[in-house]
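Visitor: Chain by chain, the residues:
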Amino acid sequence: MPESISKAVTAENISVGYGKVTVAGGISFIVEKGEILTLIGPNGAGKSTVLKSISAQLPLLGGKVFINGDELSAVGAKKLSKELALVLTERIHSERMTCRDIASTGRYPYTGRLGLLTEEDEKAVDEAMTLTGVSHLADVDFREISDGQRQCVMLARAIAQQPDVLLLDEPTSFLDINHKLGLLSLLRKLTKQKNIAVIQSLHELDLAQRFSDKLVCIKDKQAVLVGSPEEVFSGNFIEELYGIENGSFHNSYCIVEPQGTNGVPEVFVIGGGGKAIPVYRELNRKGIPFAAGIIHENDIEYPAASSLASVLFTENAYEPIGEKNIKAALKVLEKCSRVICCHESFGTMNGGNAVLRDKAIEIGSIVTN
Amino acid sequence: METKKSRRIRYAAGFSALIILAAFLFAVNIVMGSSRISFGETADILFGSAPDSPAKKIITDIRLPRTAAAMLLGGALAVSGFLLQCFFDNPIAGPYVLGISSGAKLAVAAVMISSLKHGIILGSWVMVLASFVGSLVSMGLILLISGKVKNMAQLIISGVMIGYICSSITEIAVTFADDANIVNLHNWSMGSFSGTDMEDVKIIAVIVLVGTVAAFLMSKPLSAYQLGESYAANLGIDLKLFRLLLILISSLLSACVTAFAGPVSFVGVAVPHLMKSLFGTAKPIVIIPASFIGGAAVCMLCDLAARLIFSPTELSISTVTAVFGAPVVIVIMLRRESQRRRG
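So the protein lines, in turn, are chains A and B. Using this note's numbering, the letters of the first sequence correspond one by one to residues 1 to 369. Using this note's numbering, the letters of the second sequence correspond one by one to residues 1 to 343.
Okay, chain A solo, but in the shape it has when bound (with noise of 0.2 Å):
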């Protein structure tokens, strides 16, 4: 197979905007058949206008895409809306038309001059609405459905328009986290089972993280990074991509933290393992300040009583807890007037937080938990 073939869109150092204003520019990316990539980015980064010039519904203000090969301002539209077909934030006005109505306007591209569907036009939209799980819902109005349903009807009539490249704004904007994760691993199996490229935006990091090939970062009017997920939930590209100021990023599971109550800790939370997240969210939420540790760098709750704490002792990864550091903290302990030890018992790594139990023991301080 040549090159540009399986290279479904290629978009090289583009400018996207309206009339004469630049809203993106410095744009470039390669997306292949059976993959997804997700532009992310904070609100009005532009990442609606990159997919708005990449269906050529924007003149490009500079650089190329090209499409199956074919360079986007080249491909007529007719050939145009073969390849490449939409799903947008939008809601449509439907006016007393089912679901079959809507996933049958996909069609359109196919059919003669009067839009009548032929037998083959009537079997791929049933294909499509069976694909997205919505063949229930054919003869029921479009206006009576849920939004999640709307979703996956709008999928399929983009489905049915057979294309090789889907383009999709927002589509988890007005679904519930459940039919979010429906959408996208149907999304997912599609792009495999029918080879199709898809280029969407997301608001949801989480989603992006785990359902993108690729993805491209776009900020202060510019694609600041294209890679793989992994690439880009490193270090603290996040944070300084959306700007985050209320609060903390944490890359691994992709979890947000508000920001922390700062002060002289009046609580000693001794905690490991996850046991003690449940204490830190408590104490945030009153805006107690509080100091916390041991816990080991690799500890579970360690982005959560990073992000929290306003005091907190940590412990190289697979290392048992070191004396200078039980000395520390022990200082801390011991101006507390509560301490809240989430442990009933210690392991050979973690065997430096029962001094600091027995401390509190000792002074009276203690709260199990």
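Honestly, I wouldn't trust all of these hints.
[As the list claims (entries may be wrong)] Label-pair distances were calculated between CB atoms; the ranges are:
1. L225/A with I165/B: 53 to 59 Å
2. G69/A with S338/B: 47 to 53 Å
3. D147/A with A12/B: 34 to 40 Å
4. I165/B with K78/A: 52 to 58 Å
[Unchecked claim] Calculated pairs, DSS-like style, for lysine-lysine (alpha carbon to alpha carbon, straight line, at most 25 Å):
5. K4/B with K123/A
6. K240/B with K82/A
7. K20/A with K148/B
8. K123/A with K220/B
9. K123/A with K5/B
10. K220/B with K78/A
11. K82/A with K220/B
12. K221/A with K20/A
13. K79/A with K220/B
14. K78/A with K240/B
[To be verified] Below, a sample of chain A positions facing chain B; criterion: calculated Cβ distance under 8 Å:
15. S55
16. Q57
17. S73
18. A74
19. K78
20. L80
21. L86
22. P109
23. R113
24. D139
25. K214
Worth flagging that the hints you see were computed from the coordinates, not collected in a lab. Virtual Cβ for every residue (Gly too), placed ideally from N, Cα, C.
Could you slot chain B onto chain A? The hints should help.
Guide: Below, chain B alone, put in the same frame as chain A:
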């Protein structure tokens, strides 16, 4: 819930009923009138070889062209209304409420008055042209406004205002026009199918049939346009060309109505809506022909009422169509509102 088969039955039944109704009204309009002419005599005049008589004159020179005009122009209005509703994505759009008819009226009145002043009697084609130009100017204004207001009601209010302005100017022009034809002019500016002759009907038939067939041939892109501009563009529609054609066809159809019958209210809004309810769909390929037949039937019925209710005094056609059409508009607005509330 409606399956494919039940839908087909519904379409067949709907079209049959409409055609029968329209044919029935056509016959009634020819038989009934202020001069009593029996059914047998009418049939004889139309299909036999009755000798020349006042009755024959009434049937062939007055009632037949008038009924044919009501039928064709009614169909044209409803189709024009449907096109405008699709164009503006607004269920209460129509040539009358958007002021397009009034713009056409103003242009026709201006041309008529100035030509009468110079003693020239202009042909019907010139009137249609004037009306078309007037429609396009009003349409242009509405398009400018629609770029600024997105709210359905605001757009309609703007249209109604444009309509008032055009009507006022027309009234002033008519008031100061000093000619024997002033009475005709006044009647026409109120809206009436009277005074159409067979020559006019031929012109009407050509324009209306061309316009309606053109509209019907656009039903495929119209169905895509109903999903919104982005989807339509993605499906390969040249939006600029499509919009231009839509404006030209809808303006031509409503201009033809205004040139021959003056402004006729509410048929353009109400009939497409009634057809959507009757057929349970908004598919242009069904609604365009249905609106044509339905509009024809409604206008024939309203013209019959205008002629007969206070016979021999005639009502203006808009007086009757408003009574039937305005409540439909209110119902649409209420239904929209309740839908919006439900989310």
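Visitor: Of the numbered hints stated earlier in the document, which are not met by this structure?
Guide: 4, 17, 18, 25
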